[in-house]
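Based on the sequences and whatever the hints tell you, model everything.
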Amino acid sequence: MLEIKNLTKRFGDRTIIDNLTMTVKDNEIMAIVGPSGAGKTTLLRCITGLESVNKGEFFWNGNQFDPTNTTQKDTIIGVVFQDYQLFPNLTVLGNITLAPTMVKKEPMADVKKYARELLSRLGLEGKENLYPYQLSGGQKQRVAIVRALAMQPKILCYDEPTSALDPALRDEVAQIILDLKKQEMTQIVVTHDMDFAKNVANEIQQVKQIQ
Amino acid sequence: MIQYIQEILPALLSGTKMTLSIFFWTLICSIPLGALIGLGLIQRFKPLTWLLNFYVWIMRGTPLLLQLIFVFYGLPIIHIVFQRYDAALFAFILNYTAYFGEIFRGGFQSVPKGQFESAKVLRLTYSQTIRKIVIPQVFKIVLPSIGNEVINLVKDSSLVYVIGLGDLLRAGNVATARDVTLLPLILVGIIYLALTAVCTIVLKLIEKRENVWR
Numbered sequence: 001m002l003e004i005k006n007l008t009k010r011f012g013d014r015t016i017i018d019n020l021t022m023t024v025k026d027n028e029i030m031a032i033v034g035p036s037g038a039g040k041t042t043l044l045r046c047i048t049g050l051e052s053v054n055k056g057e058f059f060w061n062g063n064q065f066d067p068t069n070t071t072q073k074d075t076i077i078g079v080v081f082q083d084y085q086l087f088p089n090l091t092v093l094g095n096i097t098l099a100p101t102m103v104k105k106e107p108m109a110d111v112k113k114y115a116r117e118l119l120s121r122l123g124l125e126g127k128e129n130l131y132p133y134q135l136s137g138g139q140k141q142r143v144a145i146v147r148a149l150a151m152q153p154k155i156l157c158y159d160e161p162t163s164a165l166d167p168a169l170r171d172e173v174a175q176i177i178l179d180l181k182k183q184e185m186t187q188i189v190v191t192h193d194m195d196f197a198k199n200v201a202n203e204i205q206q207v208k209q210i211q
Numbered sequence: 212m213i214q215y216i217q218e219i220l221p222a223l224l225s226g227t228k229m230t231l232s233i234f235f236w237t238l239i240c241s242i243p244l245g246a247l248i249g250l251g252l253i254q255r256f257k258p259l260t261w262l263l264n265f266y267v268w269i270m271r272g273t274p275l276l277l278q279l280i281f282v283f284y285g286l287p288i289i290h291i292v293f294q295r296y297d298a299a300l301f302a303f304i305l306n307y308t309a310y311f312g313e314i315f316r317g318g319f320q321s322v323p324k325g326q327f328e329s330a331k332v333l334r335l336t337y338s339q340t341i342r343k344i345v346i347p348q349v350f351k352i353v354l355p356s357i358g359n360e361v362i363n364l365v366k367d368s369s370l371v372y373v374i375g376l377g378d379l380l381r382a383g384n385v386a387t388a389r390d391v392t393l394l395p396l397i398l399v400g401i402i403y404l405a406l407t408a409v410c411t412i413v414l415k416l417i418e419k420r421e422n423v424w425r
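In order, the protein sequence lines correspond to chains A and B.
Under the numbering used here, think of the first position of the first sequence as 1, with each following residue one higher.
Under the numbering used here, think of the first position of the second sequence as 212, with each following residue one higher.
Do not rely on the hints blindly, as some may be mistaken.
[Stated by the list, open to error] Covered by chain A, per the in silico footprint, the following chain B stretches (three or more residues, Cβ under 8 Å):
#, segment
1, 234 to 241
2, 320 to 328
3, 331 to 340
4, 354 to 363
Simulated from the structure, these hints should not be mistaken for lab results.
Virtual Cβ for every residue (Gly too), placed ideally from N, Cα, C.
The structure is reproduced here in structure tokens:
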């Protein structure tokens with residue numbers, strides 16, 4: 001269970017997030033929705049440690065943690081970016097195995113085996129040795145999901161997962177997210193797409209623009 | 212004529228050896244140093260970037276010829292004495308590092324911020340990110356500009372004649388002055404062309420290899 005208490009984030013004298021408290025339960029999909037500019041992505045960036053917060057505490061299963069601290073042993077949060085941000089100089093397999101082998105020092109053979117398993121689960125078998133530019137948008141997104149999953153995070157976060165996809169692929173992502181839920185992955189989805197949020201989420205967190 | 216060429220060729224080739232030696236050592240030292248300077252130039256620590264910008268300004272803003280003369284004839288006045296060859300290498304490395312530094316700075320800045328963030332959420336350290344993700348991308352971006360400088364360096368190395376080093380140009384010049392014939396200078400030109408042609412081919416091959424990803 002992820003708890004966020006009294007989170008406040010300001011950019012200069014503009015308050016983006018004001019004293020927000022929220023809880024994401026295990027094995028749940030939380031959608032963060034709201035209009036553009038309301039701070040959805042900023043909230044996600046705070047949770048993923050890409051922005052420091054002005055005030056607020058984060059707890060994982062009751063233990064406080066600092067998302068910006070990248071040296072802790074376990075990965076709590078995994079992220080799938082809006083534009084995926086795959087590493088263009090590495091193959092699909094290279095993208096996936098880089099962090100587990102370098103950060104967690106897991107043996108390459110084990111990581112590769114796990115990566116192949118995840119790839120085939122997401123319908124990407126045979127793509128291991130392609131470079132990102134050779135993939136379609138949907139495939140890139142699935143590689144980004146596998147790359148995040150390979151670090152075995154407790155929570156997987158998505159920033160606007162449907163924004164770059166056509167309607168058919170939108171349903172496909174929804175299916176992937178629901179399948180991951182079956183495998184007990186806790187997920188946070190930032191989206192401006194209310195229909196999509198209602199389809200996948202069991203909890204919806206509204207973010208409103210602060211006047 | 213063939214006989215004359217055979218006579219002067221050993222002198223020209225020994226000059227070529229000096230030219231190549233300056234060329235390789237300058238490249239081997241300046242490219243990694245330039246990458247470091249480039250990395251320094253994108254840091255947020257202002258005193259560092261000021262210092263590096265000042266260095267780049269001096270090195271790019273004054274003639275390499277002046278720098279050579281300064282190091283070899285100037286510095287001994289304040290009791291810093293270099294051997295001819297060391298003076299040449301020192302000046303060339305300092306000068307080319309500045310150019311490479313600016314090229315690498317541009318390269319580092321064109322790697323999207325998202326790549327750093329993506330690496331950060333995967334918990335890669337800064338040095339892992341630089342080594343595994345940023346440097347390979349930067350290398351590809353800067354390759355054409357580096358290629359330009361490499362070709363320039365082949366020709367710039369002829370400047371070492373002012374401090375009395377026996378490079379290719381000097382060997383040709385000596386032969387022309389002694390024998391009153393154009394042939395040595397033409398041969399010198401041909402050797403420079405051959406050297407730059409080899410560089411061009413090697414650079415093209417490296418670029419081709421880098422094109423497996425985009």
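Verification of the hints:
Beta-carbon proximity to chain A at under 8 Å applies to 0 residues in the segment 234 to 241 of chain B; the threshold of 3 is not reached and the given coverage is violated. Counting residues of the segment 320 to 328 of chain B whose C-beta sits closer than 8 Å to any C-beta of chain A gives 4, which meets the bar of three, so the coverage hint holds. Three residues within the 8 Å Cβ limit are the bar, and the segment 331 to 340 of chain B against chain A gives 7, so the coverage statement holds. Only when three residues or more bring their CB closer than 8 Å to a CB of chain A does the claim for the segment 354 to 363 of chain B stand; here the count is 0, and the claim is violated.
Consistency note: the structure conflicts with the earlier hints numbered 1, 4.
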